[in-house]
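Counting in this note's numbering, the sequence shown runs from 1 upward without gaps.
Since the hints were derived computationally from the structure, they do not count as laboratory data.
Note that this is a predicted model, so its numbers are computed, not measured.
Think of the CB as a built atom: it goes at the ideal place given N, C-alpha and C, for glycine as much as any other residue.
All clues stand as given, with none of them false.
Heads up, simulated SDA-like pairs for lysine to any residue below, C-alpha to C-alpha not over 25 Å straight-line: (1) Lys69 - Gln398; (2) Lys341 - Phe297; (3) Lys23 - Asn86; (4) Lys35 - Val74; (5) Lys26 - Ile65.
Just the calculated beta-carbon pair ranges, DEER-fashion: (6) Arg393 - Asn85: 35 to 45 Å; (7) Lys336 - Arg367: 11 to 21 Å; (8) Met212 - Lys364: 25 to 35 Å; (9) Lys67 - Leu376: 34 to 44 Å; (10) Leu358 - Gly300: 17 to 27 Å; (11) Tyr396 - Asn229: 43 to 53 Å; (12) Gly300 - Gly201: 17 to 27 Å; (13) Arg68 - Asn142: 47 to 57 Å; (14) Glu138 - Asp27: 48 to 58 Å; (15) Lys141 - Leu376: 27 to 37 Å; (16) Phe368 - Asn229: 44 to 54 Å; (17) Ile370 - Asp254: 34 to 44 Å.
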Amino acid sequence: MTTTVVIGGNFAGMTAALEIKRKGKKDHRVLVIDKSPLFLFIPSLIWVPFGRREVKDISFRKDEILKRKGVEFVQTEALSVDPENNLVRTKKGNFNYDHLVVATGPKVDYDVAPGVKEHAHYIGTPNGAMKTRKALEEFKKNPGPIVIGATQNAGCMGAAYEFLFNIEKWLREQKIRKKVDLYWITPENYLGHFGIDGMPGGETMLKSFMKMFNIHYRTEVGVEEVTENSVKLTSGEELPSVFTMLMPPFFGVDFVTNSPALNPTSNGYLPVGEDYRHKDWANVWAAGIAVQVDLPFKPGKVPFSGPKTGYPSDETGKIVAENIIRVENGKEKLRKKAWGKIPGICVMDAGKKEVIILSDHLFKPRRFAIMIPNVLYDFSKVLFEKYFLWKTRNGYSQLP
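Model the full structure from these sequences, guided by the hints.
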């Protein structure tokens, strides 16, 4: 019986585990190791600070779903791997494997600039989203200037844009918008770069949004320091701010950086080919955020990275699962699809409005790319959320 150990169990890890078991059936034992028994639909965290969603609305127990589908689950922290002996070390003992799938989420670099950890909010975790909600309730009592954006080296600009437009809508609902100067800061070369070298019409559309909503913006800036009531930029400008939300950079988790034999990159990701197989270890695979993605473009004056969102994570999980099954069936030809050639499918929420982003490839060159604004309601974003939660709750990993 072939044993595959999957480290991490959200988008990429859960998809990979379920697909390996579905395709491998009784010939394949699959074991997921994760610190949390909960699956979290991370894209909807942007709504939690405003009370549009509770954390319980967008999370559920994944261990029960995995068990129902024949996948074992071990709730513990994976510490390191010894690829020479096919051994994963955890806080609950060691586990041997025939194949290893590294599908870990990110570690957040709060130390990217002084004061980010102490004075800026971050909405990328349930705890961070709830702390932001509490801070906004206090902000209502004494409103002032707000700074929203992403720091140097960040890659998740999309979520910050979504939070920006949602907070603008919230300010109007609270009838305090006129009391607030709202600023957007980003390391992007231009508005709407998104870490994917932009989309046709994207910069023009976002400039019109900024003008329509009276949002001041700064591009090609990093964060020098965050204080209790200001954000100092690398351009030398200092913006007043009594509420700050920033998306810091991501880097690889301790499991990877504590495993030097995996030869991780300097930022803690795994070097893999277009088949997501490790370049040095034939039975080690990576999916989702753990994958090292080389950008086909050069950032401007301030460095930033590309996005690692749910759809590419889900897709790479499926590719890894298919390739492990092919290897076990003695096939030499593996499925290949470079990260940048995965289709770009995203719905950017804009405060009960949305922009649907579609392209045949995430990175250029593309044959097809379009941004479709919907100013009536964000029903596509809601529909995608409901569909993905339904699909995952039922273990239908084979669905798109």
